[in-house]
Structure formats: C-alpha cells, structure tokens
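**Q** Starting from the known structure of chain A, fit chains B, C and D onto it as the hints suggest.
There are 4 protein chains.
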Amino acid sequence: MSGSLLSDMLARISETGRALIGGDEPAPLIERAEALLRADGEATGTARARAILDDYAALDRDGRAAFLAQMAERFATDTAALDAAIAAYQDAPGPDTARALHIVSEPRSQELLRLMNRAPGGTEALVRMREDLLAAMRADPGLAGLDGDFRHLFSSWFNRGFLELRRVDWQTPAAILEKIIQYEAVHAIQDWSDLRRRVGAPDRQLYGFFHPALSDEPLIFVEVALTAEIPGAIGPILAGERATLDPANATTAVFYSISNCQIGLRGISFGSFLIKQVVEELRRDFPRLSTFVTLSPVPGFAAWLAGAGVDVDTLGRGRVVPVAAIGAGLEGGAGIPGDGVELPDRARVQAARAEALSALAAHYLTAVKRPDGGPMNPVARFHLGNGARLERINPDADASPRGQAESHGVMVNYLYALDDIERNHEAYAARFEIAQSSAVRRLARNAPLPA
Amino acid sequence: MSGSLLSDMLARISETGRALIGGDEPAPLIERAEALLRADGEATGTARARAILDDYAALDRDGRAAFLAQMAERFATDTAALDAAIAAYQDAPGPDTARALHIVSEPRSQELLRLMNRAPGGTEALVRMREDLLAAMRADPGLAGLDGDFRHLFSSWFNRGFLELRRVDWQTPAAILEKIIQYEAVHAIQDWSDLRRRVGAPDRQLYGFFHPALSDEPLIFVEVALTAEIPGAIGPILAGERATLDPANATTAVFYSISNCQIGLRGISFGSFLIKQVVEELRRDFPRLSTFVTLSPVPGFAAWLAGAGVDVDTLGRGRVVPVAAIGAGLEGGAGIPGDGVELPDRARVQAARAEALSALAAHYLTAVKRPDGGPMNPVARFHLGNGARLERINPDADASPRGQAESHGVMVNYLYALDDIERNHEAYAARFEIAQSSAVRRLARNAPLPA
Amino acid sequence: MSGSLLSDMLARISETGRALIGGDEPAPLIERAEALLRADGEATGTARARAILDDYAALDRDGRAAFLAQMAERFATDTAALDAAIAAYQDAPGPDTARALHIVSEPRSQELLRLMNRAPGGTEALVRMREDLLAAMRADPGLAGLDGDFRHLFSSWFNRGFLELRRVDWQTPAAILEKIIQYEAVHAIQDWSDLRRRVGAPDRQLYGFFHPALSDEPLIFVEVALTAEIPGAIGPILAGERATLDPANATTAVFYSISNCQIGLRGISFGSFLIKQVVEELRRDFPRLSTFVTLSPVPGFAAWLAGAGVDVDTLGRGRVVPVAAIGAGLEGGAGIPGDGVELPDRARVQAARAEALSALAAHYLTAVKRPDGGPMNPVARFHLGNGARLERINPDADASPRGQAESHGVMVNYLYALDDIERNHEAYAARFEIAQSSAVRRLARNAPLPA
Amino acid sequence: MSGSLLSDMLARISETGRALIGGDEPAPLIERAEALLRADGEATGTARARAILDDYAALDRDGRAAFLAQMAERFATDTAALDAAIAAYQDAPGPDTARALHIVSEPRSQELLRLMNRAPGGTEALVRMREDLLAAMRADPGLAGLDGDFRHLFSSWFNRGFLELRRVDWQTPAAILEKIIQYEAVHAIQDWSDLRRRVGAPDRQLYGFFHPALSDEPLIFVEVALTAEIPGAIGPILAGERATLDPANATTAVFYSISNCQIGLRGISFGSFLIKQVVEELRRDFPRLSTFVTLSPVPGFAAWLAGAGVDVDTLGRGRVVPVAAIGAGLEGGAGIPGDGVELPDRARVQAARAEALSALAAHYLTAVKRPDGGPMNPVARFHLGNGARLERINPDADASPRGQAESHGVMVNYLYALDDIERNHEAYAARFEIAQSSAVRRLARNAPLPA
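Protein chains in written order, with the working numbering: chain A, 17 to 467; chain B, 17 to 467; chain C, 17 to 467; chain D, 17 to 467.
So that you can see chain A by itself, here it is in the shape it has in the complex (with noise of 0.2 Å):
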C-alpha cells in the first residue's frame, strides 16, 4: 500500500519537474550528468535525474558500457582539491584535517549516484545500472573503482533497518508472486501450479526482505516447509501430489531455497539477516517448532570429484563397503555372500556408491578449502558463517538433472541450533572452525580419495 502510493508520488513529481523543465535536452549524456552535478535546483533536480536515467535506459549495452567507463573516468575525485588537502592535512594532523581530506577525496561518482537516487524510481535504476557495470567490468577491470562506489552507498541504502520483512502467500498479488517464479534459483518453479504449491499449502511459507523504493521486487526470499522430521531429498518437498502436514503438528522448519534476486545488489548480504529473522517469525507462529534446518545443494561438487580424479561411475564397485555403514536406504542389505561374487548386486551396488558419495562430500565440504583457510564450496561459506552446522549429507537426494550434474545428487542439511550459533559462527570467522555433526566427522574421515 505504502509502496504503490510511494510509486504514484514518485511518478508524479517526475511529470511534474519534466513539465517544468520543457524543451529538448540534447546535450550528451554524460554533459548533462555533469550538469546536474553541478546544479542545485531541487525539484529540476530530480527531474533532470529522471531523464538522465530514463535515457541510459534506452541506450544500447555498449552505449551503457560507454556511459559507465565516462563516468568512472570523468567524475573521479577532484586531485588538485585533493593535494591541497593533504597539504593542509600534513601541516596541521589531526581529525578535523583528515575529515576534510575525507570529503575532498570523495569521487564525484558518489554525490551522482546519490542526485540520481533521488528521481522517482531512481533507487531501481540505480541497481539495474550495477547489473550493467558488473557485465561491463568483466572487459573492463578499470571499473571496479566505479563499482565501489555503487557498493558503498548500496550498503548504506539498503542497510537491514530499511529493510521489510513480508511473508508472501497467495494472497499477495500476482505482481509479486510473478517476480518470485521468475527469481527463484535453486528449484525453479514450473508456473503458478507449482508457485501455488510453494506459497498457499498450509505446512509451506515463502518470507523475502523488501525495501520500501523498489516496493514490487524482492530482494531474496527463503523458502521453507514444515515438516516432522529433518528431510534427506527434495522430491517429496517440491512433489504436487503430497500429503498436507497440518503445521500446528510440524516439529521441524526447512529452509529448501534461498534466492538472490536483484543481481545490481551483489554483495550486499541480507540471506544472514533473513534467516535469523524467519526463525523467530516461525517460533512465533508455531510454538512447537524445534528444529531449524536447511536442505541445500552442493554447488561445484561433481567439479571437484572430476578435477580431484575419482570415477564416479565406478564408486561403490570393486570395493566392499562395510555393510554395517550403508544404514537404513539399503533394501535387502542383509544376506552379502561372503566370497566368490564378481559382481554385487545392484542394490548393494548403490548403497556402497552412496556411501562412499557421501563420505567424499563430507570431505569436500569440510576438508577443501579457499587460500583464505574457508571452505571451497559457497554454501557451506553461507550457513557456517551465519553459525549452523553441517548435520548431515543425504546421497539420491536431487534426482533433477541440475542436481545430478552439480553434485551426483547430493543435498546436505546445515542445522540452525539457536544454543550454538553465536558460538558456532565465531569459531568460523576467528579460525574458520567448522561446526559438523559427528556423523560428518566419521563420514570424512572415511572419504575414499585416490591416493
């Protein structure tokens, strides 16, 4: 409600300056840029602002990537005011000379951006005009200043204070709900049967962050079912024909997908925020919640197994498994005759591949890591850093052909244990301790890597 009024209102005061304005504005555009920098006039101001904008719009992707490298180039910080500070600074140290040495030095990019944030949808063109400089800065490395700059004031901007919380459901209106099929990364949702599925079955919630200056565009969401136990596949979750859990029963809350949506926010994080804030929502509404956990995929593993040499279509073949280890998924796991047998079974086949699946994961995700010391795989980056822990790995748990290509099929659950986060999550950042269950920990240790 706010937002569509804020949008009328913004919308209305463009028609407003651009009326006041008149004429044609043929100057290049980055001269009229340079000219609302310079000008002062508020309310033509923002108009100007609009127009500047709604014309790199219209532009070409190279006119945009033209636009951007001008920008970045022309409206760099002032040097001559800035040795002059530093003069200044160097004659008399102290925090007065290096606050005005701090404004002096500001790229004029900054005080742009920020006249631009003022014309009524600027915010949103702002951050599609990122999504170009992100494109533009893989040619063009010289941008990253530029980009910077856009980072900076998107911190500011869209700092969590700002931010809305809203649950979506189906009562939300299709504006929303169409920008959510089409955001959603990591299960992509079919068409409104599907979405419907996600948002309106009683044990299913869908919470994304809002800010009020792009009112109709998530900016991440989380989905989450409640189940009665912590699940090992996503089929059963996202299948259309299931039965429904009547929530008020539900023990346990899976975060199954987290999507980014708006790619000019790269780098601003909200995902640590979101969940945290979720878990309380759900508390809240469903007292008998105890378990938070997510069901998430494993990125980059199948890269690593190639890279790292092992066959996977070999594992579980050739080596024998102890039985004892494969656990309950194993039909008919009883009964391995003990020699003479070239060949085992098929189901004795797959439980060893899983297993041994799953113990190369658990080595993965908590063994390989970054120069940094972190791990290698981002999503376990994400969850550890906001204090969860790896729980468990779930073999056969992806059969989409994204699932089996990225990781053979592997999902993992990070579980949000809201004793050990604080504690979890400082391990991680002081010494990248990787909070693990001991079932991972015994998993690992029995990884079969080639030598």
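A couple of the hints might just be wrong.
A pair counts as met if it fits within one copy or between any two copies, since identical chains are not told apart.
As a list, the in silico DMTMM-like pairs of lysine to aspartate or glutamate whose alpha-carbon atoms are at most 20 Å apart [stated by the list, open to error]: (1) K385 <-> E442; (2) K195 <-> E233; (3) K195 <-> D210; (4) K385 <-> E127; (5) K385 <-> E407; (6) K195 <-> D412; (7) K195 <-> D185; (8) K195 <-> D329; (9) K195 <-> E89; (10) K195 <-> E140; (11) K385 <-> D163.
To be clear, the hints were calculated from the coordinates, so they are not data collected in a lab.
**A** Frame of chain A; chains B, C and D shown alone:
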C-alpha cells in the same frame, strides 16, 4: 501498515538478538561501541547496537554529552593508515589511489553510525542522538566534525527517493495526529478541536513527508487552506467558526504553515520538495486551482526595525502619507483636510501606520541582506530560493502575541507561479535576485526609513 | 479501508442516479415513497431512494413523525390480496398456500425499507430513521407495528455473520475515536487524554463491533483493563496517574464498560457475542489470562432501596453487625467494646454500612424479580443471561456522582468462568436460576431488610 | 483486509463455540437443526450452526438432497398458529392483525437459515447449499418453496448497499485472480498469461462486486477494453499480441464479458448495478471516454435458426442480395456480373452470407419473443432491460467453436447512451419496446426468413 509491520519485525529481531547474546554487558558504552565496530557477527551486531542505543538513551544529559565527545575523539580517522594511503597516492596519483585514500580517511564514527542504524529503531535513535549532539555542540564546538558525519549519512538515508508523502486528515491514526499538534511550530494548535478544523474540514488539507524507518513520525508538514482569493490575514483561516468553502470551487491554495518536526534532522532539507509535490497533489485533486501562494510570517522584522531605530509607536503619526498610496483599506479615506489639522483621525493614523509598516517590511525583505548577499529573513530565503515571488505585504495580518512581537502583525504572501518557478530559482541561485510583484517594489521604494 | 471505498462508491452511484433523473421532484415525500415501491428501475430507484432519505433528513421533528405515521398507515398489508390468500389457504391448507399467505401478508413498508437500504448510505439513514421512530412511538404507540418491521430487517442485516470485530487503539483513525468519546455511556470519557489512557496504555484494550455499511460507526464496544486481580473499585482503573502493568503478566481481564452506540439498533443484541469473542481475542494474545470478569454498575439499586423503605443514611448505625463478617476492610476491626458504647466509632460505622449495603445489593440482584421471573436489574439480566456468575459485591466502588446516585457507590463483579458459561446460561434460560458465589449467597441471606 | 480480519474472527468464534460445547453430537442433522431453532444460547448457537453446516457439507449428493427435502417438509409454517392468527385477523381485520398473521405464517425454515447465517462462514455455506437445492429441485419441484426462502433472504443480505465494487488488476491477490479464471463464463481465460493480458494491460480493466461476508469470492464481474472505436469482433480484443492503446486517448469502453460467479445466487440480480457503476468509475478515471458499449454473444441464435428452418450452409448462395446493402466488408464488392453467373465468387458469397446472417440476427433479437412479450434472447433481455440500445450486428465476430456453435459467429453491440438509459428502460419495462439503431431496424426488415 507497512510501517507497523516493519516496527514489529524490528522489535522481534532485537529480542532475538538479545536472547542470543544473553548475560550482561557491563563494559563502558564506548568500549562496547568499539567492540561493535570490530565484530562482524551480523545478528548479534544488531542486538548489540540496540543495547548500546538503549543504554545511551538511559544516560542523563551529561552522560550523553560525554559519550558523544568520546565518540568524536576515539572514532576519528585512523591516521597511520591515512599516512600510508597518502604516500601511496603521492607515489602513483590516480583515481584508484585517490579512492583508496578516501576510504581510509573515513572517520570510524561513520561506520559506527551505520552499524547502529541496523538496529531495530536505530534510525530514530540516531535522529535523537543528533539532537543531543546539536545541543552539546553549543558548549563544545569541537563536536562539529562528528555532526558532519551525522549530516552526511542522514542526507543519504533521508534522500528524496525514500520519503513518502501522506495526506493527514481526520482518518489518520491518533498517534500521528498528536505528533502534528506537538510539532506545529508556526501557528500553535490549541487542542483536538483546533486540529480537527485544520485537517477535517473539506477546504483544509495537511500533507507531510514520512520515512519508512520512522513510521509514525512526520519529518515536515504543510497546512493548506483552499480559498477563493489570496488571504491577507491568518485570523480568518484559523477561526473556530467560519463558513466552509466547497473545495471544488476553490481557486487558491494557501500554504499557511510549514513545520519541520525533527530537530535531529536540522540541515536536511525537505521543504522545497514538499511544497512542489503538494502543488501537484492539489492540482490533480482540484483542477480549478490556479493560484498557489503562502501566507507567511516575517520573523525578525520587529527586531530589525528596533535595531534600525524605527519608532513603531509613532509610525503613521505626524507625517503625512500621500492618501493616494493608502489604498482601499481606509474607510472614509477621502476628505482629508488640507491644512491646520494637527492630529489625523484614528482611522487615518491606522491606515498610515499600516502603509508605513508595509513599506518597511517590503524594504526589509528585499533590501536587507546577509553578508553572502541573500536576504536576512530566513522565510524569504526559503521561498525565494524555491522559486517563489514576494507577492504582497499584509499589515494587521496576525493579531497573536507572537505575531505582534515578531513582526508587528505583518505577514506576507509568496506566490508559486508555476511557469516562473524555475527562472526565479535560477536568478536567485545565481545572483540572489529577488522575484517580487510591482506592488512590493513600489512599497519598498517608499519605506520611511530614518535618515 | 474497504469502508471508505464502499462509501466512495455509494456516493458516486448516487450522483449518477441523480444525474440520470434530472429535474425536480416536488411531489410529497410519501407519494415519492409510493412511486419508489411501484417502480422497478434499478439505478434510478437507488437515486430516488437516496433523495427520499435526504429530504426526510431535512424535515423537522414533527415532519418526520408525520412521515412515519403515514408510512405506517399507507404501507400496511394489502388486505384484498390477503383475504384472497386466506381463502386459497383455507381451500387447500399446506406449506405452499401458507407460504403464499406469508408473502402476501408482508406489510408493504418492509419492501420500502429494503429499497431505501439500497441507496448509498441507506443503512445508516434507516438506523437514524428508527431513532426517530422510537421517539415518535412514545406519543403514538400505533407505530409499534412499523417498528417491528425495522427490527425484523435490522436483525437480518446486522446478523452476527456480517459484523466485524476491531480493536480500537491509538493507531485508530480520529474519526472513529471521537465516536468512542461520544458514545461511552457508563464512565464518561473526559477528553482526548482520558481516551488515550483507555486505548493507548499497554494494559488497556477496547474492542468494538462494526458493520461494513456503517464503516466509521461502532455498534457496541467494550473497554477492558488487564490486571493482577479482580478489582473492587472503578477509580483506580480510570485514574490519570497510575502504574502500568506489563500485560504479559496480567492474569485478569476486567470488562469495565460496555456501551451500545446506536439508539436506532435498540433491541438488536450484540453484547453477548462481543464479550465472548473478546475473551477469545484476549486469550490468544495474552495466554496467561485466566480470569475474565466485569466491574459493573448496579443501576436501579438506590431507587429500589428507597422504594423498599431502607434509610441508607442510618445504615450501619445502631445495629451491631457481627465483626467477624466485616472482613479486612475495617481498620482496627477487633477490639469492639462490649458495652456502654452508644455510638460506634467512625471506621466501624463505615464498615458496618458497607457490609449492610453489600448484603442489600446481593439481595436486590438475586431475589428482586420482574413478573417474568428474571432479576429486576438489567445489567444482571444481561450477564447472567450470558452465562456469567455474580461473583462479588463491592461497596465504595464508585465515588462518582452518578455512581452514588444510582447505587450508593456499589459495583459488582460478574465472572465469566469458561467452563461454566454454558451450564449457567441454560439454567438461567430454563429456570432463571442465578449463578452466584457462596460469598454472595451468604451476604444475601444477611440483608438487613426492613420488616 | 477487513475481509480477512472478518474471516479470522469468524474462525475464532467458531472454535470457541465448539470448545464451549464439547462432546459429540451424534443426533441426526435435521434433529440438530430443530434443536438450533428451539435454543436461544447465542454463542453455542453459532457453534452449533457451524457444526451443522460442516456436517452437511460432508454429506454426499443424495444425503444433501435428503436433508433439504426434510428441511422443506419439517420447517414449514406452523399451521396451528396460522389458523389461530387467521381467526384473529378475521375477527378484527387491520394492520396489526395482518402483521401478526405475516409473522406467524413465516416458514420456520427462514429462521433456521438466519441462524445458520450467524455461523462463521455461514453466508458462503448457505450460498453453496442453495446450489445443491437448485440441483435437487430439478428432480423434486416441491423444493421450490424452500428455494423461495433462500431467495428472499439472499435478496436482503446481498442488497446493493452491502456490495463493494473492486477493481481487479495485477496487484490483486492471486487467491482472487484464480477465481476470476475459474468463473469467466463467456470467453474462457486460458491461463495466467491470458489473465494478465486482461487485467494487467493499461487498456484493459476488470471490475467485480464483492460481499463482506464472502471476501475472496467475486459475485459478478465485467471485463472492459478501452478502445478507439466500437469493435466488431472479439478476436482482436483477446489477442495475445496486440498494440496497446494509451487509455488516456481511448474514447470507447467495451464491456466484452460479464460473468455471474455464484450459482447459489441465481436470481439475485447484480448486473445492472455493476454496469452502471463501472461506467461511473471509468468516466471519472478517463474523462475522454464518450461511448459505452458491449460486445455481446447471441446465445440461442443458432438453435433458433435451426428451429426456424433456415439452412445456414446455403445462406448467401443462389439468392442475389443487393450489393449496395453489403457494405464495406466486401472486397471488390462492385463488379457483379449481370448474367450467366451460376455461382457468385467466394468473397461475394461470404459478404452475402454475412449480410443475411446479420439480418436474421436483427430479426431474432428484436422480433422473436417469449410469451410474456420480452425478447427470447436472454442477453438482449438483460441489456435492453437495463436501458441499453441494440446498436450493431457483427457477423464473423467470434471464430471460437462456441461462438460458431451458438450463433454462427455473430456478436452484437448494445450501446449505453447515458442520456437515453432511463427512457429506454421505461419504454422496455412498460411495453417491451426495444431500443435499436436505424441500421438494426433496416437489417431486421430484410431478414431472409423462409416462407
């Protein structure tokens, strides 16, 4: 609505965060601020920030001033890092080293403010904190640097694009209406009946800017009367008993009171945006409106007259003012005896005094300047800077004690002529040129200044 | 929100309809009502109905009474048709001929009311019209039949399923809050500060029923105090300065004022639904609440005492009340001299008087009956009929002039014990059995009635 | 919003009520209805009513029909009381005895329906129950009396004054939008993309009536296209790819689909109110609109043609239609060979066939009547009864299988000329006079009817 969801949510996350921390934190506040700045645990950071803000709010005036002074001193720029960055820049001057210098030279207090802004209710707490800071600065001018940090961040957080225009009327929640009563700074609202007359009558409107993070707190508001002509006095507008005009027949919108609400946002300018946007709202809702004008006080006029040696008590006496110039206000204005009359009759004296006061006010507003060349009168600076024109001087326009004390009852109309706003603004911005009606210009020429 | 949309819409259709009609309608109102009843043009019917309601509202008191009398006379049952229907029924008695008889016997006034209810704002206008009717009935009892038509239709239109329970608090629009001030019928609200104490404090709640067609008009509301014990006096609850209780720690919800708002809805009962539903709301929001009780006035008690010949001024004097029965209220209650004391000391007299008044009130509420067997006291009838129990008599509970005049300051608590409500209700409904605590029963037995 | 509060509230009171009752109620449903009717315990009454409605809903089709038959039989008028009331009336005929007779003759089923309507969700359950009743009436016409009770009460509960007009667009909750998809009865909505084209495009609008007690259920809705001219075919309006018109430039509003949503409300008329009010909404939002017109199907036309012995396959062949009458639709319409041509060319045949179909449709709509004198075609009855004029016949207007089967592709425009609506309506109501354009009148005269 979204406001209250937001605040609910913020309250919840705070409780969470606090629950996660547990225990007491007996360390001094400034040490805890230091710890907040060093830590990076997000959820606990939010709760720690909230705890710091709460404990700050519980301090007395001296305790707060002391904390602010510590903040200014302790969280200045890291000079060792700055010196290194200067060296690097001087080694290789360029945009990147300049930007690095900018980042390093940022006073640490800015980041601390950003972290505190993440707390639930953080934005409002920081606005209150700056209120304290502005008070403390009077005794300790050394706090000006820290104030600059607040102002810099507030400009970014309270930028035009994030503000929401709301009409306030008799359907508005009482929680907001009582703030309107409290904040009205020009013509005090006596009680709820007076308020109802100002927001509930069909020919009265009140609009304010709100910020999503301060949901029940107006930032600035303007009161509007819809009338059939430009009014010359405030009394009839505020009268308890008066005939109501069908707003569909109104031709004139009178901005008769503008109040900034938040001391802590001093220097962050909203008024210009507000007036222009309210003009748009009114034009849309009442297409017959063609005149947009203020009825404004002239604070400082009486003080200036006193300083200039004008004896207001004898104005209009003993000095023959050309009757022709007096205008229609004078009853029986004709028939002035040509000679031998020592003392004019009462009506003539009043008219002459009104004429003289008007002329002096015209002079004061258009010719009495600050060192920078702008008019001395702050209300004139605001409206002329916005592109309005000084249209008319109204003697005997404000019978209230305050109106008498400040300006001997003189009020003025500034006219927002939509076609001229931009030109007026630019002429003022470039050369402090003052847009004025020919009547005002004529009056100013005749101002009976003491030799 | 939906309310204002609805009323906007209604206003619009009315204008349309009126525009469609054009011209004047100088015919007498009753003729226009006749025409409305005969016509079947839907859109114009709506506009015609609105015009009739407006012109009715513009009549003075006598004019309205005359119109209502005409309505009662002119729009009675069509007797010719009725006679035919009777003949048909008697020819062939059965459900169909009975139903036909029912339809034909409907007074035409009912259909007229239905048609007027279609107009924008029609429902509210009809509620006001019945207010006039109730006043006119005092002089003209012959209007009772027409009143029956109103009551019949209002019962259907204001049925429980169409009512909306809303919490009224300090976020409620002022337009509704001023109605609360106006309608409070038990303990008058002095001003907006008093109102704020009743709706804005954390341990105070106010709930009302609203109807979609009367959006800003409460139908009935109840005020609730959350406390730590059953209160014995109204003063502390309404006090301007008092300690606030954290509602999370409250154990007791006290319904201390219930006001019907619409005279025109007299006889349409909402109170029983309201209390029971508010109990549910409170239990959900404050799970620690275990006691739901009223603090109720005893109107009629003083009048009954006077009629019964009880001299209240001498109550407690000259008659020795057993000290043991007086209770803790008496300071120094022990040590009453055995003999020679002509006049008890002041405290003892007061205690004895309080005891005697309490006993008389217990007797009045439980033993003084109407011809139908129900208690004489209307408040008792309401709460006992709802299934509550008369729990406690509180002398010196209401120091207000009204409380003194009506009941010499006595107030009582009715307890809503959830497990007993149904049983109490049924015993009362079947046999006027009065649920009461043993303390009340004991008191009633000791009532010092004149011989 | 208010809707969902209402339903929440209703759900809660139901739970309460049920909790208050406790235990099972194994008595037959009809006995429980009898008990409900006899009891007067309000809160338990609500819960009992809800329980009856739930258990009714759980019955199969036969069980429901049986219950309805029992209801019709058992809850008829109390004939003993009726006989007494008749005697009293005949003793002393007059308005009061007639009114008493009316009250006594009411079938008890009406009061039962009122009591069930008090239950949470009661109104919706009763609408569903009437749906069952209408189905059961086909086998058991004796249920017509009970149906009359439903219709009588629904007319009162769903009166115009209680309905809410809402615009449905892409910001509308999905829960309502999916109902729109489900209920569209004229031009089926294929999927969410099709829906989005109909509610999300700037030149498309959809309005519906809603009732507060059925908050997410539209009662009736109309789809509107804003265009530059009166359209002659439905295809371009529904096309997936089409140019969008700026609605500010539209001159014509086309009502191209009207759907009643609730079978259980059959006979309760909303359409006339809806169209007239939507006209008002549109005029306010788009002041340039000057033409309000439908694009309507002609159901029954094909069946009537078949019955009338018209061989549609040979229409336009073997019979020379005056070229002048064919109009612009015919390409190369000139140059008809004068002689020797056995078979006209394809275009000519098509044009002739279109002309003949149009003429027959004009005849069908204006001259083919029901016994009561109104037109046979139900859509014509609806719009002509509303005061519209039959403006234009469009052959080849609906290529869908249904359009072909129902009317060989003919559609028509009814024009709502605001100045004529009332006159048209009255002429139709009084004399079934059919407002029509001269073009339609001319066509009808030339209808090639078989001898």
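**Q** Against each hint, give a clear statement of whether it holds in the structure.
**A** Hints, verified against the model:
1. In this homomeric assembly, K385 and E442 come within 20 Å of each other (Cα to Cα) only inside a single copy, at 18 Å, whereas the closest approach across copies is 61 Å.
2. For the identical chains of this complex, K195 and E233 are intra-copy neighbours only, at 7 Å inside a copy versus 25 Å across copies, given an alpha-carbon limit of 20 Å.
3. Taking the shortest alpha-carbon separations for K195 and D210, both the intra-copy value of 14 Å and the inter-copy value of 17 Å come in at or below 20 Å.
4. When the C-alpha separation of K385 and E127 is checked against a cutoff of 20 Å, the pair qualifies neither within a copy, at 40 Å, nor between copies, at 31 Å.
5. Taking the shortest Cα distances, K385 and E407 sit within 20 Å of each other inside one copy (19 Å), while across copies they are farther apart (72 Å).
6. Taking the closest pair of Cα atoms, K195 and D412 never come within 20 Å of each other, the shortest separation being 30 Å inside a single copy and 39 Å across copies.
7. For the identical chains of this complex, K195 and D185 are neighbours both inside a copy (13 Å) and across copies (16 Å), given an alpha-carbon limit of 20 Å.
8. Proximity of K195 and D329 under a CA criterion of 20 Å is satisfied in neither setting, with 39 Å inside one chain copy and 50 Å between copies.
9. In this assembly of identical chains, K195 and E89 lie within 20 Å of each other by CA distance neither inside one copy nor across copies; the values are 35 Å within and 48 Å between.
10. With identical chains, the CA atoms of K195 and E140 are at most 20 Å apart within one copy only, with a shortest distance of 15 Å there and 32 Å across copies.
11. In this assembly of identical chains, K385 and D163 lie within 20 Å of each other by CA distance neither inside one copy nor across copies; the values are 28 Å within and 45 Å between.
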